[in-house]
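Here are the chains, one letter per residue:
2 protein chains.
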Amino acid sequence: MLTLHDFLPSGNGYKVRLLLHQLGIPFRLVEHDILRGATRTPEFLALNPNGKVPLLQLQDGTSLAESGAILCYLALDSALWPAERLERALTLQWLFFEQSRHEPYVAVARFIERMAPDSPQRAELAHLRDRGHAALAVMERHLAGRPFFVGGRYGIADIALYAYTHVADEGGYDLSPYPNIRGWLARVAAQPGHVPIDWKPG
Amino acid sequence: MLTLHDFLPSGNGYKVRLLLHQLGIPFRLVEHDILRGATRTPEFLALNPNGKVPLLQLQDGTSLAESGAILCYLALDSALWPAERLERALTLQWLFFEQSRHEPYVAVARFIERMAPDSPQRAELAHLRDRGHAALAVMERHLAGRPFFVGGRYGIADIALYAYTHVADEGGYDLSPYPNIRGWLARVAAQPGHVPIDWKPG
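Just so you know, the sequences run in chain order S and R.
So for the first sequence, this note's numbering puts the first residue at 1; every next one is plus one.
So for the second sequence, this note's numbering puts the first residue at 203; every next one is plus one.
Treat the hints as calculated values from the structure; they're not laboratory data.
Bear in mind that the values here come from a model prediction, so they are computed numbers and not experimental data.
Idealized CB from N, CA, C, for every residue including glycine.
There's no promise every hint is true.
So the derived label-pair ranges between C-beta atoms look like this [as the list claims (entries may be wrong)]:
1) S:Asp60 with R:Glu245: 26 to 36 Å
2) R:Arg384 with S:Ala134: 29 to 39 Å
3) S:Leu8 with R:Glu326: 28 to 38 Å
4) S:Val30 with R:Leu288: 29 to 39 Å
Stretch by stretch, here's where chain S covers chain R in the computed footprint (C-beta under 8 Å, at least three residues) [what the hints assert, rightly or not]:
5) 259-266
6) 273-287
7) 297-303
Calculated from the model, a selection of chain R residues having no Cβ within reach of chain S, i.e. all distances over 10 Å [unchecked claim]:
8) Thr205
9) Leu237
10) Pro244
11) Asn252
12) Leu294
13) Met317
14) Arg355
15) Pro379
Input sequences plus hints: build the corresponding full structure.
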């Protein structure tokens with residue numbers, strides 16, 4: 001059985017839990033409290049030298065890190081990974097966009113507001129929100145006339161971008177100026193097998 | 203013919219130029235001076251709403267952004283993209299690691315030092331270098347006993363990580379404490395068809 005090392009409030013971890021649930025893949029969840037340094041112990045660093053969740057351990061013990069790589073690995077051969085070469089590349093484009101232009105601003109603002117309210121990083125919130133709104137504007141424009149991010153079908157690009165966008169309000173982002181994003185969030189939440197961010201296998 | 207929109211000092215663009223050259227794929231290069239806002243014009247934003255280079259335009263005019271996605275698209279069916287599922291996932295893991303844990307620190311420090319010496323961002327350099335050295339330490343540890351990042355063979359994970367690591371000194375990083383990285387840099391530079399960062403088709 002697969003083992004997922006994760007922290008339930010993590011949007012990066014949620015991407016993987018949501019996909020595993022939608023694909024019907026059973027897994028064992030090991031929770032780590034990142035706020036108490038649980039991913040900085042020698043034991044965890046031996047699994048992932050980068051000290052981050054989510055981390056997927058395969059049946060043979062091999063570790064796979066980085067949510068985008070885990071999504072691609074798991075979705076292969078499913079309808080959530082496109083069959084066509086260009087659509088695969090565009091899916092990857094949105095996964096990289098999420099990690100480089102969206103998560104560092106939308107997710108980090110939420111982390112500060114929700115989990116580190118006394119952090120000196122609060123001084124960066126205005127800057128983070130400017131950059132986060134720039135990413136949201138790119139998404140809003142792309143979603144004009146498109147139901148999902150790639151190929152007109154729900155897939156892992158949607159899962160990757162949904163994870164932190166649907167809780168952007170927790171980081172102080174007001175999504176009311178983004179009607180296309182709000183419509184898309186509702187379509188993603190209506191997919192079969194959808195589960196909330198704090199879901200874990202029962 | 204493919205068209206690559208790029209800025210020669212960009213390591214992200216260099217990844218794509220190096221791969222295109224090593225694969226023997228002809229392309230047309232369109233240079234944009236990002237320091238003068240050339241990727242923020244309405245014309246460029248129509249190609250890439252995210253306003254970034256590199257941007258690959260396919261023969262039918264389709265735009266593909268994000269260097270990691272472009273590398274995967276181009277390397278498919280070549281020896282620089284592994285044939286095996288887990289090695290593909292590990293390649294993606296390193297591509298995402300580079301974009302989220304390496305480039306924001308190693309590349310940005312170089313950008314400040316080389317292209318924006320009077321920027322108020324200089325105040326962040328010490329913090330950037332701490333995070334950049336953490337990424338370099340992860341690479342150094344992984345390369346112990348390994349000639350390349352994935353599967354014992356040169357591939358796009360090496361190209362992605364080489365681009366900003368080999369010019370890390372321009373951002374004030376001293377690589378002398380990283381002998382495994384220095385050996386790997388030399389192996390990458392010795393690959394057939396290797397070209398320097400400012401290379402462009404003649």
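Status of each hint after checking the structure:
no.: 1; hint: S:Asp60 with R:Glu245: 26 to 36 Å; result: violated, 51 Å
no.: 2; hint: R:Arg384 with S:Ala134: 29 to 39 Å; result: holds, 37 Å
no.: 3; hint: S:Leu8 with R:Glu326: 28 to 38 Å; result: holds, 31 Å
no.: 4; hint: S:Val30 with R:Leu288: 29 to 39 Å; result: violated, 21 Å
no.: 5; hint: 259-266; result: holds (count 3)
no.: 6; hint: 273-287; result: holds (count 4)
no.: 7; hint: 297-303; result: holds (count 6)
no.: 8; hint: Thr205; result: holds, 15 Å
no.: 9; hint: Leu237; result: holds, 19 Å
no.: 10; hint: Pro244; result: holds, 13 Å
no.: 11; hint: Asn252; result: violated, 5 Å
no.: 12; hint: Leu294; result: violated, 4 Å
no.: 13; hint: Met317; result: holds, 19 Å
no.: 14; hint: Arg355; result: holds, 18 Å
no.: 15; hint: Pro379; result: holds, 16 Å
Hint check: violations occur at hints 1, 4, 11, 12; the rest are consistent with the structure.
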